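Asks: Assemble the whole structure, with the sequences as input and the hints as a guide.
6 protein chains.
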Amino acid sequence: MASYVFALVVLVLASTQAFATDPSQLQDFCVADNTTNVFVNGVVCKNPALVKADDFFFSGLDKTGNTKNALGSKVTAVNVNNLFGLNTLGISLARVDFAPYGLNPPHTHPRATEVLTLLQGRLYLFTKTLNKGDVFVFPQGLIHFQLNIGRENAVAIAALSSQNPGVITVANTVFGSNPAINDDVLAKAFQVDKKVVDHLQSLFWTENH
Amino acid sequence: MASYVFALVVLVLASTQAFATDPSQLQDFCVADNTTNVFVNGVVCKNPALVKADDFFFSGLDKTGNTKNALGSKVTAVNVNNLFGLNTLGISLARVDFAPYGLNPPHTHPRATEVLTLLQGRLYLFTKTLNKGDVFVFPQGLIHFQLNIGRENAVAIAALSSQNPGVITVANTVFGSNPAINDDVLAKAFQVDKKVVDHLQSLFWTENH
Amino acid sequence: MASYVFALVVLVLASTQAFATDPSQLQDFCVADNTTNVFVNGVVCKNPALVKADDFFFSGLDKTGNTKNALGSKVTAVNVNNLFGLNTLGISLARVDFAPYGLNPPHTHPRATEVLTLLQGRLYLFTKTLNKGDVFVFPQGLIHFQLNIGRENAVAIAALSSQNPGVITVANTVFGSNPAINDDVLAKAFQVDKKVVDHLQSLFWTENH
Amino acid sequence: MASYVFALVVLVLASTQAFATDPSQLQDFCVADNTTNVFVNGVVCKNPALVKADDFFFSGLDKTGNTKNALGSKVTAVNVNNLFGLNTLGISLARVDFAPYGLNPPHTHPRATEVLTLLQGRLYLFTKTLNKGDVFVFPQGLIHFQLNIGRENAVAIAALSSQNPGVITVANTVFGSNPAINDDVLAKAFQVDKKVVDHLQSLFWTENH
Amino acid sequence: MASYVFALVVLVLASTQAFATDPSQLQDFCVADNTTNVFVNGVVCKNPALVKADDFFFSGLDKTGNTKNALGSKVTAVNVNNLFGLNTLGISLARVDFAPYGLNPPHTHPRATEVLTLLQGRLYLFTKTLNKGDVFVFPQGLIHFQLNIGRENAVAIAALSSQNPGVITVANTVFGSNPAINDDVLAKAFQVDKKVVDHLQSLFWTENH
Amino acid sequence: MASYVFALVVLVLASTQAFATDPSQLQDFCVADNTTNVFVNGVVCKNPALVKADDFFFSGLDKTGNTKNALGSKVTAVNVNNLFGLNTLGISLARVDFAPYGLNPPHTHPRATEVLTLLQGRLYLFTKTLNKGDVFVFPQGLIHFQLNIGRENAVAIAALSSQNPGVITVANTVFGSNPAINDDVLAKAFQVDKKVVDHLQSLFWTENH
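Protein chains in written order, with the UniProt record's numbering: chain A, 1 to 209; chain B, 1 to 209; chain C, 1 to 209; chain D, 1 to 209; chain E, 1 to 209; chain F, 1 to 209.
Accuracy of the hints is not assured; some may be wrong.
To list a few chain F residues with every Cβ distance to chain A over 10 Å, as calculated [as the list claims (entries may be wrong)]:
| hint | residue |
| --- | --- |
| 1 | N34 |
| 2 | V38 |
| 3 | T67 |
| 4 | K68 |
| 5 | Y124 |
| 6 | K195 |
| 7 | V196 |
| 8 | T206 |
Within a straight-line C-alpha distance of at most 25 Å, the following computed DSS-like cross-link-like pairs (lysine-lysine) qualify [as the list claims (entries may be wrong)]:
| hint | chain 1 | residue 1 | chain 2 | residue 2 |
| --- | --- | --- | --- | --- |
| 9 | B | K194 | A | K194 |
| 10 | E | K132 | E | K68 |
| 11 | D | K195 | C | K194 |
| 12 | D | K68 | D | K132 |
| 13 | B | K132 | C | K63 |
| 14 | C | K195 | D | K128 |
| 15 | A | K63 | A | K132 |
| 16 | E | K68 | F | K194 |
| 17 | E | K128 | F | K195 |
| 18 | F | K128 | A | K63 |
| 19 | E | K132 | E | K63 |
| 20 | B | K63 | C | K128 |
Here are the computed distance ranges between Cβ atoms for each label pair [to be verified]:
| hint | chain 1 | residue 1 | chain 2 | residue 2 | range |
| --- | --- | --- | --- | --- | --- |
| 21 | A | D184 | E | T36 | 47 to 53 Å |
| 22 | D | E152 | F | N81 | 55 to 61 Å |
| 23 | A | N66 | F | Q191 | 55 to 61 Å |
| 24 | B | A49 | D | D198 | 27 to 33 Å |
| 25 | F | E207 | E | T36 | 43 to 49 Å |
| 26 | D | E152 | F | D198 | 48 to 54 Å |
| 27 | D | E152 | A | T35 | 54 to 60 Å |
| 28 | D | N82 | F | P179 | 26 to 32 Å |
| 29 | E | P179 | D | G133 | 36 to 42 Å |
| 30 | F | P48 | E | Q120 | 50 to 56 Å |
| 31 | C | P179 | F | P179 | 54 to 60 Å |
FYI, nobody ran anything at the bench for these hints, they're computed from the structure.
Just so it is clear, the structure is predicted and the values come from calculations on it, not from any experiment.
Glycine is no exception: its CB is placed at the ideal position from the N, C-alpha and C atoms.
Replies: Structure below.
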């Protein structure tokens with residue numbers, strides 16, 4: 001009975017989907033309260049009288065992410081889940097590290113446009129190449145990826161237009177969901193033999209975020 | 001140079017992606033003007049003095065869609081592109097027909113929640129089965145599908161919370177985009193051999209809408 | 001003292017008035033918690049860990065509504081009040097049944113545009129007639145009605161662009177409110193004798209929803 | 001064919017219906033251009049280089065409105081239609097004058113909450129009486145009215161939360177629409193004889209705004 | 001550690017900053033609950049069953065504000081903080097009193113456009129003079145002021161497009177914040193000697209609201 | 001007559017004020033058309049058929065800004081005015097360079113929250129010090145500044161939650177506006193002698209953006 005919801009929850013874990021422009025703030029700040037058991041659209045705020053400077057502060061974005069994984073990339077997100085002061089403010093960040101030939105695989109941010117600034121290295125996206133200091137815009141919902149085509153590490157900073165942009169990594173969501181999507185469905189949808197689907201569903205699906 | 005945009009445009013053709021709650025209307029009606037060369041966020045309105053009753057009218061949703069295709073399903077959309085009166089009003093419809101064992105393949109509506117009402121037949125979704133008169137909610141952005149598991153045709157009416165909900169059919173967007181996504185990217189992302197990717201990219205990708 | 005509010009509340013009972021485009025969702029789902037005593041703009045969500053598939057499911061929309069009333073029509077609403085999964089998602093449905101010559105009387109949905117699809121029968125609205133498979137758009141706030149002009153029952157499905165569209169049935173709100181609106185006010189407003197107003201206020205005002 | 005639209009247009013003339021919170025401004029000012037033939041959601045702006053101080057200025061709200069009409073009241077509106085600088089800014093005003101025993105009849109503003117400040121006289125609303133300096137809030141969409149119960153003129157200033165709040169005067173919209181609503185519909189809806197409906201439809205319906 | 005927040009809080013006390021169009025209401029009314037310890041974007045609502053007419057009522061706006069202060073002006077605000085029924089409704093009011101030559105100093109409302117109606121006296125703003133019955137629009141965020149240039153008191157009513165418009169009084173925010181902004185910063189920013197900054201920071205900064 | 005507008009325009013030049021959360025996009029992309037003479041809320045889009053990849057591309061953010069000015073800082077903005085693809089997408093960037101002891105003076109972004117990431121150097125803000133890799137959030141509308149307290153250059157990347165965030169530099173807006181604000185007003189507001197005001201108004205006010 002709950003398996004539809006498991007599927008939902010898996011999609012949430014595999015990817016925080018969110019789907020709209022964040023509403024406006026109605027006060028100066030509304031720091032996310034990670035201790036509440038009251039659930040609303042967004043996050044309940046902690047008592048303003050208890051707000052500290054560090055609620056607006058995050059450190060360590062200069063640290064290189066660990067790209068020792070099958071994709072050779074790592075996304076370090078800074079959003080309402082770890083920088084509570086971002087609640088109600090409609091913006092977040094991510095640092096993306098790439099090992100040589102590392103891939104940030106095809107994915108979409110259902111609730112945010114991404115503006116990527118390349119700080120170091122060379123990245124390939126669609127048929128375009130980005131170099132140091134280049135900025136590229138991925139409109140909200142567009143499925144996109146980045147491939148490091150250089151022999152050196154690459155580093156990018158992404159700004160995203162939501163406190164909780166969400167990410168749907170296509171391959172993982174389709175073949176890695178739990179419970180699994182019926183293999184008849186995927187075989188027909190991807191025009192492959194059910195054995196191929198069963199094999200793909202049996203693989204370990206790397207998350208790089 | 002324009003190939004990134006070709007990719008965008010293909011995504012648009014393969015799927016009208018749109019990504020947010022529709023803004024509010026600022027007048028009684030703003031019928032879409034399909035003759036304008038002025039482009040705005042949404043659609044420019046025709047002169048209110050020229051608005052006719054038929055701008056708010058669509059007929060033929062009782063007709064069965066043609067499901068003679070590889071998927072055995074057909075989506076008949078009624079949105080701002082063919083019912084101009086829907087412009088600025090934040091809602092649209094679709095009729096979905098299924099041949100026996102027909103599939104509406106995994107897809108997402110980036111800008112709309114879908115509320116599906118089954119008028120006839122039996123549909124499987126995730127691990128749940130819908131029967132005649134059942135209603136199911138697919139929250140905005142959730143990747144979902146419907147499979148007709150009955151020996152008879154199935155018919156559903158979907159209500160969507162945008163004048164232009166958009167649809168991203170996962171398989172088509174990944175393997176059917178033009179220009180093609182680099183097969184190194186897809187091979188690494190889907191953990192398959194490049195030959196498999198090349199094969200998939202060579203197939204004809206059915207659109208059922 | 002509280003009678004202004006009684007009037008408000010009556011208007012709410014007689015009609016859930018709501019007046020704007022629903023704000024955007026900030027998470028994948030936010031199932032309405034009908035047990036909370038915390039009131040916010042919209043509805044507080046139940047704990048995501050307790051969400052079940054049935055929170056997104058409603059059955060029985062194939063059942064004919066009971067039209068044995070003075071109006072000969074019945075509206076069966078499916079909105080956030082009985083399909084909790086619709087909370088934050090900006091859409092809802094209604095099935096409307098009509099006995100022969102049944103009337104869905106002049107009313108307005110203050111928070112939603114209605115897209116009506118006629119599944120069976122013939123309906124008259126303003127000076128237009130709808131037949132099976134016809135779709136008609138009632139822009140948000142427009143006062144509208146439907147009259148069954150056929151000898152047989154009629155059935156329509158309405159999609160509405162809010163989780164809680166609201167309905168103001170004109171006659172009931174004016175003459176059936178409790179406390180009653182001062183009859184001097186209504187006599188002057190409707191240009192009729194106070195006795196006519198008093199008579200109208202003494203009648204039983206049928207709600208068909 | 002166009003009569004449904006005539007009905008729409010009449011409702012617009014009899015009352016500018018608008019139905020949502022105004023969207024946000026995207027620039028410092030966007031003065032309404034009343035000469036354009038381009039129609040959008042809201043109003044196109046005049047060239048910022050041609051904007052004059054007087055685009056933000058309106059004079060004469062100290063003048064008493066002419067209450068010599070059947071209702072004994074007069075609404076002087078200051079909104080985007082006569083104070084062009086209000087375009088995109090989400091607010092407007094009205095001055096309401098009342099002769100002794102004058103009535104501002106039951107109506108609703110589909111797109112705005114009204115905050116009424118009584119500058120002079122005494123007004124009755126529902127079961128409450130307002131005196132000089134009293135402020136009362138009519139939530140968006142609530143059907144409301146004001147009756148001057150004093151022997152002297154009354155004057156109020158209303159602030160409304162839209163550049164184009166709209167007003168639906170109940171009696172006029174129901175009995176004064178052109179083309180007329182079918183008298184079978186109104187007779188059944190109001191539980192009166194068709195002759196009563198025909199009589200009411202034959203009357204002259206005063207607009208006080 | 002908390003001093004950044006003190007600065008924030010001071011800015012809040014010195015001025016409730018808020019920065020966006022209020023979201024839409026999702027029910028008929030949501031009266032602010034000033035007793036809750038649950039904090040959300042906006043204000044939690046009191047139990048609808050306990051709502052009273054007086055929650056929508058404010059009296060005394062006919063009283064002259066006390067202008068015996070260094071500025072010779074007084075702002076009497078009517079917003080969600082003292083008229084709880086305004087919660088979720090996107091509008092508020094203020095009465096502004098001016099002694100002869102009184103000044104409402106340069107300030108901005110970060111979340112609201114202001115529409116000022118002059119009820120009595122003469123006011124100078126920028127290079128324009130307002131007389132009785134004149135209306136002027138200050139677009140959201142514009143820094144503005146009013147100076148009474150008449151020998152008599154002046155009175156204005158301001159309508160503001162937010163339930164909580166906020167006000168940032170420039171001089172007070174810059175020189176009166178606590179903790180003080182570093183005088184090196186202000187000396188460099190205002191091109192004055194640090195002694196001038198230290199003197200200004202030592203002064204008492206009048207709030208007229 | 002036009003001087004109020006001159007003041008407005010100056011405020012626009014001195015600072016693009018904008019005052020709300022950006023509305024949602026209604027299509028995949030809406031690249032700003034910088035050749036149109038049609039003005040709307042936001043920017044009209046160029047013909048989608050003419051959109052090029054470079055409409056989403058900006059290069060050179062690796063270049064150091066010229067800080068040879070009185071403030072010793074330089075803001076390089078990347079927003080809808082120079083990266084047209086950002087239109088309707090609700091986000092923008094800025095690179096901020098600081099010479100040793102350089103100041104980004106007290107200012108506010110009326111339409112955006114700023115998330116600042118320090119790439120190099122040390123910055124002082126309020127009473128907190130940021131080091132390389134630190135991130136700090138300035139909630140929308142908060143007046144803020146950054147001072148380089150290191151002997152070396154500092155570089156930061158700011159992400160802002162609007163396509164056109166706007167900036168109001170306090171000192172410049174108050175003392176550098178043209179036409180000048182009446183010195184009686186400023187003398188009274190800042191509690192200084194008119195000669196001081198006249199002197200400040202005679203200075204050259206550096207813009208660092």
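Asks: Each of the hints needs a verdict: does it hold here or not?
Replies: Now for the hints, and whether the structure bears them out:
1. Non-interface status of F/N34 relative to chain A is upheld: no Cβ of that chain comes within 10 Å, the nearest being about 16 Å off.
2. The Cβ of F/V38 lies farther than 10 Å from every Cβ of chain A, with a closest approach of about 22 Å, so its non-interface assignment holds.
3. Distance to chain A confirms F/T67 as a non-interface residue, since its nearest Cβ pair spans about 18 Å, more than 10 Å.
4. The non-interface label for F/K68 is consistent with chain A: the shortest C-beta to C-beta separation is roughly 21 Å, beyond 10 Å.
5. For F/Y124, the shortest C-beta to C-beta distance to chain A comes to about 13 Å, beyond the 10 Å cut-off, and the non-interface label holds.
6. At the 10 Å boundary, the C-beta of F/K195 stays outside the reach of chain A, the nearest C-beta of that chain being 37 Å off.
7. Look at F/V196: its CB is around 32 Å from the nearest CB on chain A, clear of 10 Å, so calling it non-interface holds up.
8. No beta-carbon of chain A is positioned within 10 Å of the beta-carbon of F/T206; the least distance is around 26 Å.
9. In summary, the hint linking B/K194 to A/K194 is supported, as the alpha carbons are separated by about 19 Å, within the 25 Å threshold.
10. Under the criterion of a C-alpha separation no larger than 25 Å, the hint pairing E/K132 with E/K68 is consistent with the structure, at around 23 Å.
11. Distance restraint check for D/K195 and C/K194: the Cα-Cα separation of roughly 18 Å lies within the 25 Å cut-off, and the hinted pair is therefore satisfied.
12. For the proposed pair D/K68 and D/K132, the alpha carbon gap of about 23 Å is at most 25 Å, so the pair holds.
13. At roughly 10 Å between alpha-carbon atoms, B/K132 and C/K63 fall within 25 Å of each other, so this suggested pair holds.
14. Proximity of C/K195 to D/K128 is assessed by CA-CA distance (about 24 Å); at most 25 Å being required, the pair is judged to hold.
15. Restraint check for A/K63 and A/K132: satisfied, since their Cα atoms lie roughly 18 Å apart, inside the 25 Å limit.
16. Between the alpha carbons of E/K68 and F/K194 the distance comes to roughly 22 Å, so the proposed pair stays at or under 25 Å and holds.
17. The hinted pair formed by E/K128 and F/K195 meets the criterion: a straight-line CA distance of about 24 Å does not exceed 25 Å.
18. Annotation: proposed proximity of F/K128 to A/K63 holds, straight-line Cα distance about 21 Å (limit 25 Å).
19. For the hint pairing E/K132 with E/K63, the CA-to-CA distance comes to about 18 Å; that is within 25 Å, so the pair holds.
20. For a cut-off of 25 Å, the pair hint linking B/K63 to C/K128 stands: about 21 Å separates their Cα positions.
21. Judged by the Cβ atoms, the range 47 to 53 Å given for A/D184 and E/T36 holds: they are separated by roughly 51 Å.
22. Range check, D/E152 to F/N81: about 57 Å between beta-carbon atoms, so the 55 to 61 Å window is met.
23. A C-beta distance of roughly 57 Å is found between A/N66 and F/Q191, which places it inside the suggested range of 55 to 61 Å.
24. The hinted window of 27 to 33 Å between B/A49 and D/D198 holds, with their beta carbons roughly 30 Å apart.
25. Between F/E207 and E/T36 the CB atoms are about 45 Å apart, so this pair conforms to the stated range of 43 to 49 Å.
26. For the pair D/E152 and F/D198, the beta carbons lie near 52 Å from each other, so the given range of 48 to 54 Å is met.
27. Distance hint check for D/E152 and A/T35: the Cβ-Cβ separation is about 59 Å, which falls inside the suggested range of 54 to 60 Å.
28. For the hinted restraint 26 to 32 Å between D/N82 and F/P179, the CB-CB distance of approximately 28 Å keeps it satisfied.
29. A beta carbon spacing of about 41 Å between E/P179 and D/G133 agrees with the range 36 to 42 Å that was offered as a hint.
30. Restraint check, F/P48 to E/Q120: a C-beta distance of roughly 55 Å satisfies the suggested window 50 to 56 Å.
31. In this structure the supplied range 54 to 60 Å holds for C/P179 paired with F/P179, their Cβ-Cβ distance being about 57 Å.
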